[in-house]
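Trainee: Listed below are the residues making up each chain.
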Amino acid sequence: MLRDITLGQYYPADSPIHKLDPRVKLLGTLLYIISLFIFKGYVAFVLAAVFLIAVIKISKVPFSYMVKGLKAIVILMIITGLFNLFLTPGTEIWRWWIFRITKEGAQNAVLMLFRLTFLIIGTSVMTLTTTPNQLTDGLEKSLHPLNKIHIPVHEISMMMSIALRFIPILIEETDKIMKAQMARGADFENGNLIKKAKAMIPLLVPLFVSAFRRANDLAMAMEARCYRGGEGRTKMKPLHYQKRDYIAYVIVSLYLIAMIALRIVWNTFVVPAA
Amino acid sequence: MGIIKARKLVHEYIRRDEEGNVESIQTALDKVDLDVHAGEFIAILGHNGSGKSTLAKHINAILEPSEGSLWVDGYDVSDDKNIWDVRQTAGMVFQNPDNQIIASVVEEDVGFGPENIGVPTDEIWERVEESLKAVGMLKYRTHSPNKLSGGQKQRVAIAGVMAMQPKCIVLDEPTAMLDPNGRKDVLRAVHKLNREKGVTIILITHYMEEVVDADRVYVMDQGHVVMQGVPRDIFSQVESLKEYRLDVPQITLLAHELKKAGLDIPEGILTREELTEALVRVCQ
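As you go down the protein sequences, you meet chains A and B in turn. Residue numbers for the first sequence follow this note's numbering, so the first one is 1 and each next one is one higher. Residue numbers for the second sequence follow this note's numbering, so the first one is 1001 and each next one is one higher.
If you are wondering where the hints come from, they were derived from the structure by calculation, not from laboratory data. The reader is advised that the hints may include incorrect statements.
Stated by the list, open to error - The calculated label-pair distances, taken between Cβ atoms and stated as ranges, are:
1. G230(A) with N1048(B): 32 to 42 Å
2. A72(A) with K1184(B): 45 to 55 Å
3. K1197(B) with K235(A): 18 to 28 Å
4. G229(A) with S1240(B): 46 to 56 Å
5. G229(A) with R1188(B): 52 to 62 Å
6. H144(A) with R1188(B): 16 to 26 Å
7. N1146(B) with P152(A): 50 to 60 Å
8. N1048(B) with L27(A): 36 to 46 Å
9. L1138(B) with H144(A): 31 to 41 Å
10. W1125(B) with A54(A): 29 to 39 Å
11. D1215(B) with K243(A): 53 to 63 Å
12. K235(A) with N1146(B): 22 to 32 Å
13. N1048(B) with M77(A): 58 to 68 Å
14. A163(A) with N1048(B): 38 to 48 Å
Ideal Cβ positions, reconstructed from N, Cα and C, are used throughout, including at glycine.
One chain only, chain B, in its complex shape (with noise of 0.2 Å):
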């Protein structure tokens, strides 16, 4: 069984009036189904408002399905008595990298997840250890996080999710908020937790670029799964995607104006070599 299943999961975001009376339903998931292998890397993309950060809530349990259901390495996350096991196995990391982070030292902040679930000193300092040198930033161990720049805090705040060992961990958009290459650090840093650890990624984003490398991706529109498959199988429908209000990678783009131009290259192109080479091919 797969790690995570969502089956026609709902969730519905009820605003009342004062007297309790229901004003207006909006309904950011509707119908879900979701199946994640352990090991997967994974990435949801959406444009804003389409439901793709209340779908990640959900997996570490802190909103609750309105309907429909969804399992965490077995777990029901419906169920109350369910929720601390579901939030030790799929760790979560959320955008603002400032508002997550708790410590005023960056170890000890990586230790908070490990003190809450009550693991023992010695193994939290070597957990603490493990965790921040597996993200790169074993060395600022001791610097304030008011130091360290978006991207940095971003690695932080991921080694705490680390260091709670989950077996997945679901990033909600971590890198909105930084720039190109703090964006480069914290990708790269996730692509090797999932090589080398075995952790099951699921990365919430709507930068196109950054899903290339995942193993499957899902789209989400108006809180709809609309398309799923492999990257290449994605952008090669580059007018679906227009359609759904993302940015295709300016490459996939450029080779698929090409081709709609009369050259034969294939759809779905990923990155500049394969590009070259499609080219090299054409012009033999």
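For reference, chain A alone in the conformation it holds in the complex (with noise of 0.2 Å):
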């Protein structure tokens, strides 16, 4: 049953999405994520979304994968359109007991309900079409500076990595000693709360005891094959830009000045008028 639990989410095809440099993806994301705190007014809303769906259409990853990041947070969105409806002051037009609603508010929680969404599936975009492991290279190079300030850049990579790798091998271990301990009566399934977490100390112990040694294996196995840390490593797959690299770049930057020049506009023309 654990066995199904799948890592990443990456959704494998040939796109120009695909092909780019994780560190255009991870900075693109990252912009993208200001441009939606920094927009205002409804052109460059409608801008935002364009921009999103036209990199959904380029990336070729169906639309209802990206949906489905949203429902891990659809609590959190309801309670924040919640907040935003009944708590903003500003002009009333509904009320109800306690309960008022003002125009502001619901401008307001209409908008962050979109900024919520947009910013999950703009990152649902970078994680569908990156590998776990072009990530981590991209994160390991792109954080390369922080080397400097004695931050191990590399090793915490490398962990990354590592942890990716042993996390499915450590699940159907679960499984096995799950299994091996329910044939000898143990019950994970009935009881209260309590009850329930004590049952997974027969579970966690030999998980961990087989963890330390697996862990000690392999940092034999790598010493053996003479890692000593990221100096004097070369790469296999080296993260070099290419031109449609620099492309996207020019692009991000463009609908990044879209959005401040919108912004600069809406504040002083439609505010003062308003």
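Hey, can you piece these two chains together into the complex? The hints should help.
Mentor: This is how it looks when you write it as structure tokens:
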């Protein structure tokens, strides 16, 4: 039953977005999120939507995959929406008992919901089109300057990729231990919360022991293959920017400039007029 | 000079209590002498706790000798500055295939060793392709190791060592966790490397069947090398092998029992064909 868990949500396809350098996608996603929080006005909102839809179309990932990510935050979205709806001061348009809705509140709520939706879908585009390995590679290279302030960037990204490699193995192991304990009469399903938590002990102890043993073996195997940290290492798949990566950077920059321009225009002309 | 030379090699596992006082000393290797020539296929046999894995870890400089000396291709393993040269000369494959694969894609794992020793990118790709081809795993290059069988994983691990172009590969019970088919595939790949690329192989195992094709066999028991020689000579001493708690191949055992029962057949029969031939000769 635990085997069904899929990790990362990479959707393999042959698209220009998939081929982009992971660094472009990381920075692009960051800039897109920033743009979502600076936009003002309906034109900017339409621009953000158009940009996102265009990227999704180019990425060839079915839209239903994007929406899957939204399910996880439905509750968060509802709460944020309700807070904005009821707690924003302004012109009252509706009132019942202690609840009141203002014009600004309604606007804010709608805006916030769209922002969150765009944010989740935007980041999904990145995780759906980039393998976890590319992501760690991209992070390692983008954060490389942090080495200067003694943050072990290479080691952290190596830890991340090893974790990714071992999660499925440990899940399988958990499954095995669970079955072995169930065969000896362990009960993982019944009882109250405390009972269930207690039932986890005979599962977790052997799992930890085995994880440490694996770690020990793996460290030995890595040393036997001459691993000695990030220094003097070459890369099998080094990250090099190509023409399409520069084009992507230009497009993202243009988009961001347009968003900033729209905000300035909105603030100077529309808001004072209203 | 041979590629691996050990003289009076001793290794002691020292257990200390919390204050650092020595609690007990367990001698895992006791004055072991070993001579391996380049291009040989050596098998080291032994029961659990015979010290064979400890010996293997010395050849890769994972453990240091307590006494005595060991040279790998002229490098003294006790000298810390030789450690990376030793590891590059003698690659090592471990027992558990899952615990020695680092990357989540087969080809990236094979590239891990060359990356560590600073091989240029283009050459890494060549080496990866060549090594995967040598173990017959080229068509799985973009697969995830989690989806492979034990034997396939172990062959990927061997390719990972091959990609570092070592002169010698030490395999520490590479087949212990595999099913019979996986075991056959792994051994076939190892023999192929030995024949075609001239890599020196040191195969550590407790399956007697696997050592039949070796050039020379060492038998270890309680930290000592107790027997050495060509497989035929070793297998002709059925009684002493039993004493060292090793299982003699069934066909050799059958031949031995037949001989004891009075049939005139030679000692040290290794294959079914040889036994058939000997029996035919007896009948004539």
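Trainee: Give a verdict on every hint.
Mentor: Here is how each hint holds up against the structure:
1. Restraint check, G230(A) to N1048(B): a C-beta distance of roughly 38 Å satisfies the suggested window 32 to 42 Å.
2. Distance hint check: the CB atoms of A72(A) and K1184(B) are about 47 Å apart, consistent with the given range 45 to 55 Å.
3. The supplied range of 18 to 28 Å is met by K1197(B) and K235(A), whose beta-carbon atoms lie about 26 Å from each other.
4. Our hint of 46 to 56 Å for G229(A) and S1240(B) holds, since their Cβ atoms are close to 48 Å apart.
5. Between G229(A) and R1188(B) the beta carbon distance is about 36 Å. The supplied range of 52 to 62 Å is therefore violated.
6. For H144(A) and R1188(B), the Cβ-Cβ distance of about 44 Å falls outside the hinted range of 16 to 26 Å, so the restraint is violated.
7. A C-beta distance of roughly 27 Å is found between N1146(B) and P152(A), which places it outside the suggested range of 50 to 60 Å.
8. A C-beta distance of roughly 55 Å is found between N1048(B) and L27(A), which places it outside the suggested range of 36 to 46 Å.
9. Remark: the range hint 31 to 41 Å for L1138(B) to H144(A) is upheld by a beta-carbon distance near 33 Å.
10. Remark: the range hint 29 to 39 Å for W1125(B) to A54(A) is upheld by a beta-carbon distance near 35 Å.
11. Distance hint check: the CB atoms of D1215(B) and K243(A) are about 56 Å apart, consistent with the given range 53 to 63 Å.
12. Evaluation of the 22 to 32 Å hint for K235(A) and N1146(B) yields a pass: the beta carbon distance comes to about 23 Å.
13. The hint said 58 to 68 Å for the Cβ distance between N1048(B) and M77(A), and at roughly 59 Å that hint holds.
14. Between A163(A) and N1048(B) the CB atoms are about 32 Å apart, so this pair departs from the stated range of 38 to 48 Å.
Hints 5, 6, 7, 8, 14 from the list above are not met by this structure, while the remaining hints are.
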